[in-house]
Amino acid sequence: MIETKDKLFGIVDLNARFELTKFKPVRAVLKSRWMPLLPILINLFMFVIILLAAFTGGLSAGNYNFGIMIVWILWWVLLMMMLVPGFSRAWCMVCPFPIFSDWAQRTRLFDVKPGKLGGLGLKWPKKLSNMWVMNIAFLVTTFFSGFMTVLPIATFILLGIIIIGAFVIGLIFEKRTFCLYLCPVSGFQGLYSQFATVEVRRKDWEICKNHNPKTCYVGNEKGYGCPWNRTPFDFQKNTYCGMCLECLKTCPYDNMAINLRPPGVDLLVDTKREPRGLDEAWKAFIMLGIAIVFYLAFQGPWGFFKDMVRGVTLPGYLGYIAFHTVFNLLIIPGVFFVFAYLSKRLSGNTEVPLKSVFTNFAYTLIPMGLGVWMGFSVGILLPNGSYILRVLSDPFAWGWNLFGTAQIPWTPVLTGIMGYIQGAILIVFFAFAVGYGWLLAKQIYADVKQAKRGFIPILTFLTLITLVFLWLFVG
Amino acid sequence: MKITKPIVIAITLVLTIAFVALVYFGMTRARGAPVAVPPLQRATLVSHYKTQSLDLTQDVALADWADIPGTAVELVYQAMIPPWSKGLIPAVTAKSFHNDTELYVYVTWKDESENRALGVGEFSDAVALMFPLSNDAPPSTLMMGFMGKQGVNVWHWQATQDTEFWSKKSVSADAYSDFLYPFEEQETLTIAKSPLTSAVSDLLAVKVTTTTAKATQNVQGRGVWDKGAWHVVFKRALKATNAKEDAAFAHGARKLMAFAAWSGDKGDRGGRKSISDWVQLEFR
Amino acid sequence: MMKKKIILIAMAALGAACILIALIGIATPATAESPRERFFEVHAKRFEYAPDTIQVNQGDKVTIRLVSEDVSHGLYVDGYEIKTAAHPGAEGTLTFVADKTGRYTFRCTVTCGEFHPYMVGYLNVEPNSRLWIFALLIVGVALCSAVIVLR
Amino acid sequence: MKIKNEPIAVAMLILGTIVAIIGILGFENYRRSAEYTAELTARATEYGNWYPNTITIPYGKPAKILIRNIDVVSHGFALPDFQIAVMEIKAGESAVIEFTPDKKGVFPFVCTIWCSNRHMEMRGQLVVE
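Protein chains in written order, with the working numbering: chain E, 1005 to 1479; chain U, 6 to 289; chain Z, 176 to 326; chain Y, 52 to 180.
These are calculated hints, taken from the structure and not from any lab test. Beta carbons: idealized from backbone N, C-alpha and C, even for Gly. One should not assume that every hint holds.
Computed list of chain Z residues with no C-beta within reach of chain Y, every gap over 12 Å [said to hold, decoys possible]:
no., residue
1, Ala-188
2, Cys-193
3, Pro-210
4, Asn-232
5, Thr-259
6, Glu-289
The calculated DSBU-like cross-link candidates involving lysine-lysine, where the alpha carbons are at most 30 Å apart (straight line), are [to be verified]:
no., chain 1, residue 1, chain 2, residue 2
7, E, Lys-1446, Z, Lys-180
8, E, Lys-1226, Y, Lys-55
9, Z, Lys-179, E, Lys-1446
10, E, Lys-1117, Y, Lys-55
11, E, Lys-1456, Z, Lys-180
12, Y, Lys-154, U, Lys-115
13, E, Lys-1028, E, Lys-1218
14, Z, Lys-236, U, Lys-212
15, U, Lys-7, U, Lys-115
16, Y, Lys-55, U, Lys-271
17, Y, Lys-112, Y, Lys-55
18, U, Lys-212, U, Lys-249
19, E, Lys-1011, Z, Lys-179
20, Z, Lys-220, E, Lys-1453
21, Y, Lys-112, U, Lys-7
22, U, Lys-115, U, Lys-174
23, E, Lys-1276, E, Lys-1117
24, U, Lys-7, E, Lys-1120
25, E, Lys-1028, Y, Lys-115
26, Y, Lys-155, U, Lys-91
27, E, Lys-1456, E, Lys-1446
28, E, Lys-1446, Z, Lys-236
29, E, Lys-1127, E, Lys-1276
30, U, Lys-212, Z, Lys-258
31, Y, Lys-112, U, Lys-91
32, E, Lys-1131, U, Lys-10
Non-contacting residues of chain U with respect to chain Y, defined by C-beta distances greater than 10 Å in every case (computed) [what the hints assert, rightly or not]:
no., residue
33, Thr-21
34, Leu-27
35, Gly-37
36, Val-81
37, Ser-90
38, Glu-117
39, Ser-145
40, Lys-260
Taking the hints into account, I'd like the entire structure generated from these sequences.
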């Protein structure tokens, strides 16, 4: 946990923590090997149904397909609106995809088999041990969003590739390499979980310092060494912690805790081991850009753009891909670069490298991006959420009626006040972005005077981007 | 079992091939059981050039049409807009020719009974031709000419009107109705009519429920019922009198058209009819 | 030093004013221009409406005639919670008084193809007070935070 | 005796995957053959038309036909000779028609909603024998 004297908005104590694991039953549950195995197994069953529905659904209407609806309405929206901002990488905790490679590596599903893990166990190259591969993987995945979110079989193909990829990568590389550096949805979860209100951290450094060997890293008979290759005894950022709960089991001193915390604390962490980086900055740009493009394509009224996204003609589709790529990888970062440059110029500081100003301030886009994605998700969930009730009762469109909700018609909910909800979300997350922007400014520029001046361009950028999204949502 | 390199390669290959095969299988059945879809085959009605012209004031002479090849046009129940047809006329046979100034279309179909009069529960046999007014109209929706704003020109021949016009006989009982009407089971209202100028109503429509009589009636027609079949001849000037209201024809051109037929004794009237798909009319 | 203070005070006042105006804006609905009867013929085809944006003023009596150009489509207006549907050859109509201001999305109600859930258009009921309220709030928050930081 | 968790976990995994898939597909197969006389799939002409294009049901016995619209647009089902119709079956939905055929022969059924440019070709035959 980093010690900071800074207070968010000048009032919120960023060192405040509330330990959830201090309650005995909570700790007992989390230390059981059924946790998270049992939720994973239940989730695995869910995804078997999703895959079956997506496969049998073929090219039929996605809005009546269990696979499409659960993945793109329920899961995606839950991820953006609750799981990531609230519970960090809780999705990774219950994600069923790596269970097969875990099983192959450990040769046990439930028990702990001490000793070396199976599989080839190669190390992932250091140069790629960052978000770049995931940035590209996610961007490429979004090229196909016009198919995946509406064609059941396209969702099947995506999930199939992820499942097989996770398994094969798990056989070749050590531990959760796939989750850490390859999974398309891992990247933004890692990035945005820095904002989460929950964290897994060690409690007392004194205990860890004298504990050898560090069982949280190497494992013992109670559990495996951190599958996510973290050092639970001293990591400070949520980014790459998959919340698999192994360290809670392997720590003989119960020195690992799950804490509630003020949102966004990790944004201020910049250490040698967990530095801020251009990879995460670009992840933030890509997420922001995708939100804009997706809004234009899926919630805007422009038919020609929809035709491009759904690939009516090949030139149109390639045009969309080109625009999408350039917009996300170059234009958004380019615009931000201008403001970062202005920030440096205005601050009068000549020592701080421009790259550092650019990278560090990019972290203000984490709360911003989370906010716009929440707003976007509201626009998907409220009009289309009622489909979920239907597909729960008739998951394969075979005429079933499991829970008596198969006849519920499409019913938009609260769409009249949707604009207010989206506007309110934007303002809240704009405030967080500004709050952390100021704290980051103080980190970047040694001198408070410089920080003040250097902060102004960033504040301007954040205001403008918020106004852009406001215009998109309600304008 | 220790996982070695060859095993990983083998697993990867097997999984990839199995997945690709599964996706391929899924794609072939993505819209249900795969069947070969026959290519679209639109019936073509050829209108040959002839120097002949017909006089409709005389009765329809079947001999005039005997050696012109006919096109069989399949009809189906009109089952899109209620009320739906009650009986089906499965097909009509159409023939056509044109001379320098006139177009002739001949339609024949089997009908066991000749219904030339109207009354309560008694309806007229009829046949209609429909042409889109726009020459480049796409062969999309044919429901009463919903083909963009220009709409369609409909030539509606009715046996009752034929009797009235050619035989100068009154066909109506005191009350009748021949179109969609909310009280159709108790049809008792008389409907005012303008004096007849033809056995064929020359109509305009832009969509369902918009059929409107044109101000100028340009189409003549005459029908004869013979040995269990109707033979109806339509005649119109090749040139359109008013391009906005009349279908335009020209030697060497192509035009979309559609057919509809009514069987009075089965209760057909108004929207209750048998209809065809688009037919290509070709002038040679 | 004096100059800076004056600027800061001015900014704070402006920011506060923005927020205040926004809050007043929420409480009092804008007064409408004289209402008119408005008629729109909206053509629906996969997966767009033409026109895709309908511009009206608060209080207008709006009639939308929905014409489908290919398959069955529908039109549901967010906020007003009314809908109609159209087949090719059979159109739908809906009439309402545009008493709620803001931009509302109208959506297709009949599954018309794979992109059906994304088939939307906008109904703009002027004045779009929602946009201005939130824009003022955002600018106000920005100005106030600038003042807090720079002070 | 200590409960062995490992086999339980493995059993749950197999139950949730392979057994679930086989079970669901098998159950649906049984349900359809037990409940319905015939099954009809609605799709636009371009995508294969009514499938199967000809269905045969026995004369005089109550028939129960499942019609599934697996297309992305609405279709409808009309069997005019028996005055039976389902005006609209929305994409992804299914309808069931029940009737007792009181005449023998071949009867056409058609789609009732303009579903594509080849809508007029979307028809099939019901054979009662």
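Outcome of the hint check:
1. Ala-188: holds, 57 Å
2. Cys-193: holds, 47 Å
3. Pro-210: holds, 37 Å
4. Asn-232: holds, 35 Å
5. Thr-259: holds, 15 Å
6. Glu-289: violated, 5 Å
7. E:Lys-1446 x Z:Lys-180: Satisfied, since the Cα-Cα distance of roughly 22 Å is no more than 30 Å.
8. E:Lys-1226 x Y:Lys-55: It holds: about 15 Å lies between the C-alpha atoms, which stays within 30 Å.
9. Z:Lys-179 x E:Lys-1446: holds, 21 Å
10. E:Lys-1117 x Y:Lys-55: With a Cα-Cα distance of about 14 Å, the restraint between E:Lys-1117 and Y:Lys-55 holds, given a limit of 30 Å.
11. E:Lys-1456 x Z:Lys-180: Answer holds: E:Lys-1456 to Z:Lys-180 is near 15 Å, not above 30 Å.
12. Y:Lys-154 x U:Lys-115: holds, 23 Å
13. E:Lys-1028 x E:Lys-1218: holds, 24 Å
14. Z:Lys-236 x U:Lys-212: Judged against 30 Å, a Cα distance of about 26 Å means the pair holds.
15. U:Lys-7 x U:Lys-115: Given that 30 Å is the threshold and the Cα spacing comes to 81 Å, the pair is violated.
16. Y:Lys-55 x U:Lys-271: Status violated; Cα separation ~77 Å.
17. Y:Lys-112 x Y:Lys-55: violated, 56 Å
18. U:Lys-212 x U:Lys-249: Holds, at roughly 16 Å.
19. E:Lys-1011 x Z:Lys-179: Roughly 25 Å between the alpha carbons, so the hint for E:Lys-1011 and Z:Lys-179 holds.
20. Z:Lys-220 x E:Lys-1453: violated, 58 Å
21. Y:Lys-112 x U:Lys-7: The given pair, whose Cα atoms are some 63 Å apart, is violated under the 30 Å limit.
22. U:Lys-115 x U:Lys-174: holds, 25 Å
23. E:Lys-1276 x E:Lys-1117: Roughly 34 Å separates the two Cα atoms, so the pair is violated.
24. U:Lys-7 x E:Lys-1120: holds, 11 Å
25. E:Lys-1028 x Y:Lys-115: Answer violated: E:Lys-1028 to Y:Lys-115 is near 59 Å, above 30 Å.
26. Y:Lys-155 x U:Lys-91: holds, 18 Å
27. E:Lys-1456 x E:Lys-1446: Holds - the C-alpha atoms of E:Lys-1446 and E:Lys-1456 are around 8 Å apart, at most 30 Å.
28. E:Lys-1446 x Z:Lys-236: Violated, at about 55 Å.
29. E:Lys-1127 x E:Lys-1276: holds, 21 Å
30. U:Lys-212 x Z:Lys-258: holds, 21 Å
31. Y:Lys-112 x U:Lys-91: holds, 24 Å
32. E:Lys-1131 x U:Lys-10: Cα-Cα ~23 Å, so holds.
33. Thr-21: holds, 19 Å
34. Leu-27: holds, 12 Å
35. Gly-37: The assertion about U:Gly-37 is violated, with a minimum of 5 Å to chain Y.
36. Val-81: Violated: least Cβ distance 6 Å, not greater than 10 Å.
37. Ser-90: violated, 7 Å
38. Glu-117: With a cut-off of 10 Å, U:Glu-117 remains clear of chain Y, as the shortest Cβ separation is near 17 Å.
39. Ser-145: It is violated; U:Ser-145 is separated from chain Y by about 5 Å at its closest Cβ, not greater than 10 Å.
40. Lys-260: Holds, since 18 Å exceeds 10 Å.
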